[in-house]
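Which chain is which? The protein sequence lines are A and B, in order.
So the first sequence is numbered by our numbering: it starts at 88 and just counts up by one.
So the second sequence is numbered by our numbering: it starts at 281 and just counts up by one.
Hints in this document: simulated from the structure, not taken from any laboratory.
It cannot be assumed that every hint is accurate.
Subject to a maximum C-alpha distance of 20 Å in a straight line, what follows is the list of computed SDA-like cross-link-like pairs (lysine to any residue) [claimed, not checked]:
id : chain 1 : residue 1 : chain 2 : residue 2
1  : B       : K391      : A       : P565
2  : A       : K563      : B       : I333
3  : A       : K559      : B       : T397
4  : A       : K549      : B       : E379
5  : A       : K563      : B       : F393
6  : A       : K559      : A       : Q427
7  : A       : K563      : B       : E379
8  : A       : K557      : B       : E401
9  : A       : K543      : B       : T397
Covered, in the sense of this in silico footprint (three residues per stretch, anywhere, with C-beta under 8 Å from a C-beta of chain A), are these stretches of chain B [what the hints assert, rightly or not]:
id : region
10 : 292-300
11 : 328-340
12 : 365-374
Bear in mind the structure is a predicted one, so any value in this text is a computation, not a measurement.
Even for Gly, the Cβ is constructed at its ideal location relative to N, Cα and C.
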Amino acid sequence: MFNKEKIKQVKEEKKKWEEGSLKKVLDRFPERKENFVTGSGVDVERVYTPEDIENFNYMEKLGYPGDYPYTRGVQPTMYRGRLWTMRQYAGFATAEETNKRYKYLLEQGQTGLSVAFDLPTQIGYDSDHSMAQGEVGKVGVAIDSLKDMEILFDGIPLDKISTSMTINAPAAILLAMYIAVAEKQGVSSDKLRGTIQNDILKEYIARGTYIFPPEPSMRLITNIFEFCSKNVPRWNTISISGYHIREAGATAIQEVAFTLADGMAYVKAAIDAGLDVDDFAPRLSFFFNAHNDLLEEVAKFRAARRLWARIMKEEFGAKKEKSLMLRFHTQTAGSTLTAQQPDNNIVRVTIQALAAVLGGTQSLHTNSRDEALALPTEDSVRIALRTQQIIAHESGVAETVDPLGGSYYIESLTDEIEKKALEYIEKIEKMGGAPRAIESGYMQQEIQESAYRYQKEVEENKRIVVGVNKYKIEEKPPQNLLKVDPEVGRLQERKIKEVKENRDGERVRTVLDTLNKAAQGNENLMPYIIDAVKAYATLGEICDVLRNVFGEFKESIIL
Amino acid sequence: MADKKIRVLVAKPGLDGHDRGAKVVARALRDAGMEVIYTGLRQSPEQIVEAAIQEDVDVIGLSILSGAHTHLFPRVIELLKEKDAEDIIVIGGGVIPSEDIPEMKKLGIAKVFTPGTDTREIVDFIKSKINTKISA
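My request is simple: use the sequences and hints to build the entire structure.
Spelled out as structure tokens, the structure:
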């Protein structure tokens, strides 16, 4: 990128500067620390110059936005064309309550929905199951049957809105319910836009809402890929998630590496199941975290895009442009929010959201200031959404594509993250791929090490967290936190009873029986699951059928 | 008695899969010289109490981030009473709203540690609790 003469001159001048002005200052004022490093432990130099990207080949490393390797972004115009989708993850208590919150968010200018399900729903238990006690409606909305899903989207036209659903082990069932609700609204499945998380590997690694063992889980996932490529072509069939891996303690480099390694496992599984890579790869999407280390985060997003494009092209021979593009959703980092001085979290979220936008995200959730304390109140959610709107309309960063591209530091950091993530990926591939690496506990161990190191650094004051280990104040306990009505559990139990009384019991038995037989064979299970939800079989009943055939995953304890 | 290591069961009751905190605390306690047993995810109160008795622990550490503490913490205490194992000290941690804490303490949770807690504080609390128990 630079001619040899110029670089030579830059190097000579640097030497002069180091021996001159720099030395003079350092002699009198030593720097704050001996070593400066990023959150991932990458060494940070004092200043970056053309020397640091001396052999930089612009077209090879960056190219143009919307062109391979997509480092600068997946669309040619990025936010000059359309802003990112502002999508706040929300859901609590009953479908009725959550439906109200959705309508509020849409009125406030939110442009997509994102459904948070409660834990029993995510783990395939009905609200009246003994394991669901105390959990119903707590971290998300309780969905037991199609009836709840109809209420959840009541008055929300599914052909006009895109919906993301954070659902993994029972993703096929919730997608089936969504298709069934749309049908009742008169919307055919080819018009539906949205995403299911459907990423089971990271559940084993970091998030914990698994049900079935890996093999049948991978089958369900490839069943969804296949079904959607034919019937729900605009649906993102998976959101391969680094978010939770990062929340569990991983560094930015580990987040990229483990997420892409999981992605490779899904691509391999689908190819092994006989699918053509270009039939399903365009609908793969990703989900990343945005932390406080602003510039490292920007570099991370850019590195992830470039790395995935290369992997898809070189490893899997994908040909369609859309198969090569890493499109992603971002959420700001819940784990960085502090219970101390919670209003400071608004500032953290702003930095993190800015990182996501500078990194070229397709959609964004900004966390609310009170999330280290409880579920967010309506006021807190509005501030979080306003944060995105201020970045979009006032900061100016959305007016040009990849505004940090070409920064000596950003490019050198992007290279470094790509290199280190690739080393991890190669190591995982040598182990036999992500499923094997998870089974042996490798990724979990690596993440735990990072989490523990982080905690120690905070406790030894090597890492400052404002309000936690420095700048502390005496505080009154926070007021006005959102409380989920403890009656939700009983309310849901009543609803299940009603659904069971009003449905055709004979039909339910038949559809569950047919599903049972299909699960024992090799067929695509999606059509059977759709039949079951339409007959108002409950989520728990459907999962029980699958549990009986597939068995349940048992966690191996790694400490 | 002075030589006996303090035994702690770190447990994740309920369905919540956020185990970062539980695992960090488990390691910190181990580094502080305690014997730590970690249950893994999705343990029912019955399983936790049974494990605590079988492993003859001095302390149970419960971690919940889902909001289910109002149901699950009291249930663990209740079962310990039923099994005559009330001498086991129970501490809790996670996303626990401060307004819930007095009620938890009244029920018999010795202390609730909220986000941002220094792990040394937990170590010190356990040691001092055990010491007062021994000298009592």
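Here's how the hints hold up against the structure:
no.: 1; hint: B:K391 to A:P565; verdict: holds (19 Å)
no.: 2; hint: A:K563 to B:I333; verdict: violated (38 Å)
no.: 3; hint: A:K559 to B:T397; verdict: holds (13 Å)
no.: 4; hint: A:K549 to B:E379; verdict: violated (32 Å)
no.: 5; hint: A:K563 to B:F393; verdict: holds (16 Å)
no.: 6; hint: A:K559 to A:Q427; verdict: holds (8 Å)
no.: 7; hint: A:K563 to B:E379; verdict: holds (11 Å)
no.: 8; hint: A:K557 to B:E401; verdict: holds (16 Å)
no.: 9; hint: A:K543 to B:T397; verdict: holds (12 Å)
no.: 10; hint: 292-300; verdict: holds (count 7)
no.: 11; hint: 328-340; verdict: violated (count 0)
no.: 12; hint: 365-374; verdict: violated (count 0)
Violation of the numbered hints given earlier is confined to hints 2, 4, 11, 12; the remaining hints are satisfied by the structure.
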